[in-house]
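Enquirer: Sequence:
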Amino acid sequence: MLKGAIFDMDGLMFDTEQIWQKNWKLIADEMGVTLADEFKYNICGTSGALMNSVIEKYYGVEDGSSIAADCKQRVHDDLIESTPEKPGVHEILEFFRDHGVRIAVASSSTEEQIRRNLQNTGTQDFIEVIVSGAGMKNGKPAPDIFLAAAEKLGIEPKECYVFEDAFNGVRAGHAAGCTTIMIPDQVQPDDEIRSLAAAVCTSLLEARDLLAEGKL
1 MLKGAIFDMD
11 GLMFDTEQIW
21 QKNWKLIADE
31 MGVTLADEFK
41 YNICGTSGAL
51 MNSVIEKYYG
61 VEDGSSIAAD
71 CKQRVHDDLI
81 ESTPEKPGVH
91 EILEFFRDHG
101 VRIAVASSST
111 EEQIRRNLQN
121 TGTQDFIEVI
131 VSGAGMKNGK
141 PAPDIFLAAA
151 EKLGIEPKEC
161 YVFEDAFNGV
171 RAGHAAGCTT
181 IMIPDQVQPD
191 DEIRSLAAAV
201 CTSLLEARDL
211 LAEGKL
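In the working numbering, the protein residues as written are 1 to 216.
By construction, these hints were calculated from the structure, which means they are not laboratory data. Cβ coordinates follow ideal geometry from the N, Cα and C atoms, glycine included. Please note that the accuracy of each hint is not assured.
[Said to hold, decoys possible] The calculated lysine-lysine pairs, modelled on DSSO-like cross-linking and capped at a C-alpha distance of 27 Å, are:
#  : residue 1 : residue 2
1  : K72       : K152
2  : K3        : K215
3  : K22       : K57
4  : K158      : K215
5  : K25       : K72
6  : K152      : K3
7  : K57       : K40
8  : K3        : K40
9  : K3        : K25
10 : K137      : K152
11 : K3        : K22
[Unchecked claim] Here are the in silico distance ranges between beta carbons for each label pair:
#  : residue 1 : residue 2 : range
12 : P87       : P189      : 35 to 43 Å
13 : L26       : K3        : 38 to 46 Å
14 : A212      : S82       : 26 to 34 Å
15 : K137      : S195      : 22 to 30 Å
16 : E213      : V33       : 21 to 29 Å
17 : K57       : P84       : 28 to 36 Å
18 : M31       : Q119      : 29 to 37 Å
19 : D77       : G154      : 34 to 42 Å
20 : S82       : K137      : 29 to 37 Å
21 : R97       : M31       : 42 to 50 Å
Please work from the sequences and hints to get the whole structure.
Expert: Written out as structure tokens, the structure reads:
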């Protein structure tokens, strides 16, 4: 077993990616824009300049930053009081804690939102390190956020698992040199993503079971 585990958040730990997609669509509807199906593939897991460029392409605007800020605020408001969990979150966190594996969350969301979601779900005590990609120059699929998480944990990236649900996240985890495990949420992996992931699991519970059996 490796020494560190780095978790994405939206769509992986918590069932929040659907809330992001709902709000992206609401904004588009208000603007009279019809989002192409591939929008969700390209926006998932992004932050900063890359997120803005995806927004600019699909919303047909010159600067995507105001739409990004609007969507983040709407998601923030939706998640103030409760955060829906994905199956197996507590179980896999407990498994890692019991086996001495140190845990980080590395998410494109703001640090405030990450901390609120952890608090809402009672998972904050499992997490040693939080890294937000909100102010990071290079967002996923660049490996920066996972490299930063590994550095803060004091563990080499090759000694860390990365758990992700999105294409860009899997690409980032692989580029960081981490053992990357995909738990699909909004999108199912294609051949490229399967080749980059060490495993594709149906849930965090399945991933926990494979880890317990020594198969990951």
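Enquirer: All hints are to be evaluated individually against the structure, with a verdict given for each.
Expert: Evaluated hints:
A C-alpha spacing of about 26 Å is found between K72 and K152, which places the hinted pair at or below 27 Å, so the restraint holds. For the given pair, K3 sits about 16 Å from K215 by alpha-carbon distance, which is consistent with the 27 Å threshold. The straight-line distance between the Cα atoms of K22 and K57 is roughly 19 Å, inside the 27 Å bound, and the hint therefore holds. Between K158 and K215 the alpha-carbon distance is near 17 Å, which keeps this suggested pair within the 27 Å criterion.
Restraint check for K25 and K72: the C-alpha separation of about 13 Å stays at or below 27 Å, so the hint holds. Proximity of K152 to K3 is assessed by CA-CA distance (about 13 Å); at most 27 Å being required, the pair is judged to hold. Between K57 and K40 the alpha-carbon distance is near 13 Å, which keeps this suggested pair within the 27 Å criterion. Note on K3 and K40: the hinted pairing is violated, with a Cα-Cα distance of about 33 Å set against a maximum of 27 Å.
Under the criterion of a C-alpha separation no larger than 27 Å, the hint pairing K3 with K25 is inconsistent with the structure, at around 40 Å. Our distance criterion of 27 Å between C-alpha atoms is met by K137 and K152, whose separation comes to about 18 Å. At most 27 Å may separate the alpha-carbon atoms for a hinted pair to count; K3 and K22 exceed this at roughly 36 Å. In this structure the supplied range 35 to 43 Å is violated for P87 paired with P189, their Cβ-Cβ distance being about 19 Å.
At about 42 Å, the beta-carbon gap between L26 and K3 stays in the expected band of 38 to 46 Å. Taking the beta carbon of each, A212 and S82 are about 30 Å apart, inside 26 to 34 Å as hinted. Taken as a hint, the range 22 to 30 Å holds for the pair K137 and S195, whose Cβ atoms sit roughly 27 Å apart. A C-beta distance of roughly 47 Å is found between E213 and V33, which places it outside the suggested range of 21 to 29 Å.
In this structure, K57 and P84 meet the distance hint of 28 to 36 Å, their C-beta atoms being roughly 29 Å apart. Separation of M31 from Q119 is about 33 Å and conforms to the stated range, judged on CB atoms against 29 to 37 Å. Roughly 36 Å separates the CB atoms of D77 and G154, a value that falls within the hinted 34 to 42 Å. Against the hinted window of 29 to 37 Å, the Cβ-Cβ separation of S82 and K137 comes to about 33 Å, which satisfies the hint.
Remark: the range hint 42 to 50 Å for R97 to M31 is upheld by a beta-carbon distance near 45 Å.
This entry does not satisfy hints 8, 9, 11, 12, 16, going by the numbered hints stated previously.
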